[in-house]
Structure formats: C-alpha cells, structure tokens
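K.L.:
First to last, the protein sequences are chains P and E.
So for the first sequence, the working numbering puts the first residue at 1; every next one is plus one.
So for the second sequence, the working numbering puts the first residue at 1; every next one is plus one.
Taking lysine-lysine and the BS3-like style, the derived pairs with C-alpha atoms no more than 30 Å apart in a straight line are:
#1 P:Lys263 to E:Lys368
#2 P:Lys189 to P:Lys138
#3 P:Lys214 to P:Lys189
#4 E:Lys281 to E:Lys240
#5 E:Lys111 to P:Lys259
#6 E:Lys49 to P:Lys113
#7 P:Lys138 to P:Lys211
#8 E:Lys111 to P:Lys255
#9 P:Lys233 to E:Lys368
#10 P:Lys233 to E:Lys356
#11 P:Lys255 to E:Lys293
#12 P:Lys259 to E:Lys150
#13 P:Lys200 to P:Lys138
#14 E:Lys250 to P:Lys113
#15 E:Lys356 to P:Lys259
Not everything, but these chain P residues come out facing chain E in the computed CB check (under 10 Å):
#16 Leu55
#17 Thr120
#18 Ala251
#19 Ser265
Output of the computed footprint for chain E on chain P, the stretches with three or more beta carbons under 8 Å from beta carbons of chain E:
#20 79-85
#21 121-129
Derived from the structure by calculation, the hints contain no laboratory data.
The beta carbon of each residue, even a glycine, is placed where N, CA and C say it ideally should be.
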Amino acid sequence: MKLTHILASAGILLSVFADASANDANNILQQVRDRNDGKDYMSTVTLKTLSDDSLLNQRQFYMLQKDIDQDEVMVLAIKAPADVRDISFLMRSFDEGTAQEDEQWMYLPAFRKVRRISATDKRGAFMGSEYSYYDLDKLRVTDFDSKIVKSESVNDVETHVIERTPKSQDVINKSGYYKLVTWVDKDRKLILKQQYFDAKGILFKQLNVGKVDKIQGFWTITASTMTNFIENKKSTFLFHETLYNQGIEDAIFRKSKLKRGIKDSDVAELIKISELE
Amino acid sequence: MHRLVLIAVCSVSSSSYANLYVQPNLTSSFGYNIAENYATEQRIAVGTKLEYSTEQLSFTFDGRLEHDFVYSDNERFSIAAEDQYGSRAIIEEAYVSGELGLSFWSFGYQKVVWGEADDLRIVDVINPLDFKSFILFDIDDYRVAVPMLKVDYEYDNGDTLNFITTIEQRSNEYPASGAEFGNNYYPNSESSEWGKYELGLRYNMFVHDTDISLYAFHGYQDDPVLNATASERPDYSYEKFSMLGTSLSKPIDAFVLRTELAYFDNYTVNDSALQHKDVNKLEALVGLDYRYKDWTTTVQYTNQLLNGWQPTYMIPESAPIYTASAERGFFANQVYLRAALSYVDNQGGGLLSQLKLTYKPNQYWLLKLNLDLIDGEQANYLGAQQQRDRIWLAATYYF
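Okay, chain P solo, but in the shape it has when bound (with noise of 0.2 Å):
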C-alpha cells in the first residue's frame, strides 16, 4: 500500500516536472517568437546551394519583413541570377492564437501573374535550397509538444536544449519533421541549432547558425546553413545590409505591387544591391 502511494506521489511528481518543463519550453519559444525585432525589417540575402564543396545554385534577393495589424507580412524578391530574377513571394502569417492558416502569394514572370499558393503543405524546397517553405516561417509554438532536456553550450554560448514533436499529423504533413531539437540562447531568445528527424527517427538535417551580429540594437542571425545528411548538401544564408525600423511602406506587401515588382529603387535608399560574387 505504501510503496503505491509512493509510486503515485512520484508519478505525479514527474507529470508536474513534465508539465513544469513542457510550460517552461513553450515560454522560452513563446519568448523567441516574441523578440523585439522591430516594426519592419529588410535585408539582401545570398542563398547558396552546395553539394561536397561544388556550388549548385545561387540567388541573391531582397527579404521585406512588417508587422502589419497582429500579422507578420514578407516579401521575397529575387534579383539574379538572371533567369529567375523578378521572381516574388508574398507570405502572410496570422497570430498563432487565430489558427488561420498562412496566406501566400507567388508571382512568375514567365506567367505575368500573381499565383495563388495552398500553405498547407510546405515541405517543398524553397528556390532548390535545403531550406524549406516551412523553415522559412516564425517559429510556431502550439504545433509542438516542447520539453526542455538539457542546458548545453553551443560555441561557448549557454543553450536550453528543447525537443519538440508535432501535436498532429496536420503539422507533420505541413512541416515534414516528426521531431525537432532546438537550442535556443539563454540570453538573446535566437535559435542558435536545430535538428530536423524524419519518420524513422533518423536525424536528416540540421540548422547551424554561423554568425549573430547586433544590428540598430537587434540581434540578427546574418549567416545560417542547412545541412542535408541524406542528400549531402548544403545551403547557406547570408544577410547583407541587414536593417530595422525604416518605414516600408504597406504598400510594398501587396499583390499588386509583387506583380509590378520590388524595385531596386525602392529599397536604392537603404540598400544597395552588389554584384554576385
């Protein structure tokens, strides 16, 4: 009887350890998601696709971020090579808490039209990168189930050590991970490394954050790469001229502007773009 009561009282002492620690991940996630980024954000990117060394694919863009409403807007605009260049996306994320799903937005030159995308399934690789749709996204908070595992340093940087398995095949099927392991940095709130597992449990990609700097008082990643273990490759983010809080304009995030096009001249005043390398 007794050795019950001590196995129930430790039983329920371990679900409220594991509550206790499921709460703790969804605030420390809650904080990432929540990071003062500022109003709006823009940056040329460099996105470089490598297999054992040898380059495959290289774009350079422009990334427009604003919080527009409770609604996170983004544009991508690609500006070389020149074969894709003008090619445009325009993704629109609802607060969590609505449960509304995505709203993207694609514009093809080569069809002269703005493209309606479905944003249920966004385990497709953006722009033949290692990076996909869904890595692109803010970090999402309730389609996980979080606990933290451990403290850990990465690159002399303290790290909570979160894993985090889908509530529902819905996010598998949208997201293609049957588990996450995501470091976060005590300090700054930034994902720092995540690891990607499929169906098996087999880890198949990681994320690296290569570089962090403090830009107009942010933090900002300015280099990432995906690693691919099953298909040996690699793709790299690089963030050039990274800046926050310039005023774009809403205009710049709607569709009829992604058809027109992002222009060099409007964002000629705060960055210029240079020659790929």
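With chain P fixed as given, assemble chain E onto it according to the hints.
P.N.:
Same frame as chain P, now just chain E:
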C-alpha cells in the same frame, strides 16, 4: 566576377537616384520535326533586358533580334515563310512607368495577363498570340506585346482597379502558307492598325480568403472573320465585341481552386457561305492545383457555349478542353521538369503531349529541351498538326 552583367546603383546627388540594369543574352535553338524528319528551326537570337529607373520614372525593355537559317535555300518552306520568319525584331516589352499618388501608370508595348487559367485564355483577351510555333509550353512565349496605356489604382484596403486602353489593334499572327504550321487557320491574316482603340477594366479584391476579379473589355477580336469575295485571296476583317468576366482563386487544404467565367457579346463568326453571324458566347474554366512536397500539379477544364449556334457555322458549338500538368525541380533546381497533356474533345479529338526539361549548369548557361507529340483526327484543331511532332533544343548564354 560576372563583369558583363551591369547592376549599377548611381547616386547622382544626395536626393536623386538612378539605377541601370542590363542583361544581354545570346540564344541558339534548333527545332526538328520527328514525324517526318526535317529541321524546322536553326535560330540565333541576340536579346537584352534593360531597366533604367529614377526616383520618378522607370524604363523597361525586353527584346531580341533573331535570324533563322532554316529558311536559307530550303525548298521545304515557302518564300512567304522566309519573309515572315527569316529575320525578326521582337519587342517583348518596352514601356515607361511611374507612380502618381496611389496610382501606377505605364505606357508602351506591354503584355497584360488577365485571369487565373494556365496557358488557356478565357478572360485573357488583351494581347494577341503569335502562332509561328503553334502551341508552345508557356503561353507567354507567344503572346504579342501591344502598345497601351495602363493605369493601376490601389485602394486603401488593397483592392485594385486596372484601366487599359490599347492604341493599336493587333491580331493573332498566323504563319504564311508553306511555313511549318502554315496549314493553320487564317494564313496571311496578320493585321495591325494604329488608332483603333480597345478598352479594358479589371477590379481585383480579396474577400473571405478568396481572390476575386471582375473584368470588362470592349475591343476587336484577335481572330479574323472571312469576307465573301470574288477574289481567290481571302479577305479578312476584325470585328468588335464586348466581354464581361470574373475569376477567382481560393485555397482549399492542399488545393487551390481557380475558376473563370466570361460572357462575350456580339461575337462574330462565319457560316459556310462566309456570311458574318453574331453570337453570344459563354466560356468557363475550372482548374485545380495541388502541391505535394516539391511537386505542383494542375488539372483544368474549359468549355464554351454559343447562343444561337447553327450547324452551318464554321466554329463548333462547344469545344471542351482538358489539361493536366505536373512540374518540379531536381538537384537544387538545376534541372526542372514540366510535363503537360492537353485534349481538345471535339471533331474526333486531339491530344498534345508536352515535355519540357530545363538544365542550368551555372548562372551563365540555360539549356532547354522541349518535346511535343501531337495526335488526333485531321478535323480537330490539335489533330490537324499530327505530322508535326517535334523536338526543340535551345541554349541561352547570359553575359
């Protein structure tokens, strides 16, 4: 270092700005009729894209000069075909544009795409087509630029109103007799006439997660009607018509539903005595896109109904078309594959099967392979070209 690509940002003064982007390219292409084994194209093209923008104005140009050696000393093709396609200067677009308050205006040679259809035209009535190569994979490859004034006005809520007036009536361009697709309809019918205006309006809104557009157009038919004449040479005319239409696209789980509906008033057709007959035409399209990982697939169905149609009319009462396509990139999008099937379900039926393979070894080179297989009954629009299965190879170098 990619020295010949000019991406320059010049600060003329602290308050002014000018930007020049120039992207020249050289393309060599080779076409071959694999049904009857002969070359259909040996083309060299030199083109450039150019964008020059200041704070107030932008100038955009995309064009090319091309010469096709296949017509030199080649008895298979007629002199008229050589005259038409031997050497050409093609303007894909050339216009100035600027913003004025909440409106964006552009003037010059432009291509405007209306509607939600892929490679099919229901409400997409602004620009005519160049049928030199019959039906290409991407409709924009044979859409013809038209000089126009276009004004886009944006409302505070994001709705947009587009106003278009074209200032030159241009028809579809059909190959001369003796060209590869010279058995197509209306040879030597190409027409362009300055001062014949067309008007178009489009209102776009976003309601309940649905993109909705409304269209109105008044202008000239892209295809001619024949006039009864004693002459052996066909006499063509281009009649006026009006169109009201709507389109929408809406995501439903992993699908996106696309629809178009258009009503054509006073649309003129020929009867077998070459008399002009006015009909009212209703055209509709339903399309469904589905994304699965890196694959994008589409299916489409379109049909038309002619009010007052008679069996003596030279166009069919209905023309159901079914299309299906699938596409995805491989190897970091160095290789891109598209495959499509189009079936025209009238007059015995006709099927066009198309494969397009794009390979991009680096940022300078773009290699393309197109394979078109055509089958069907001779009376059918597609089936009539069944002896013109083709393979097409192209290499483009971006300087």
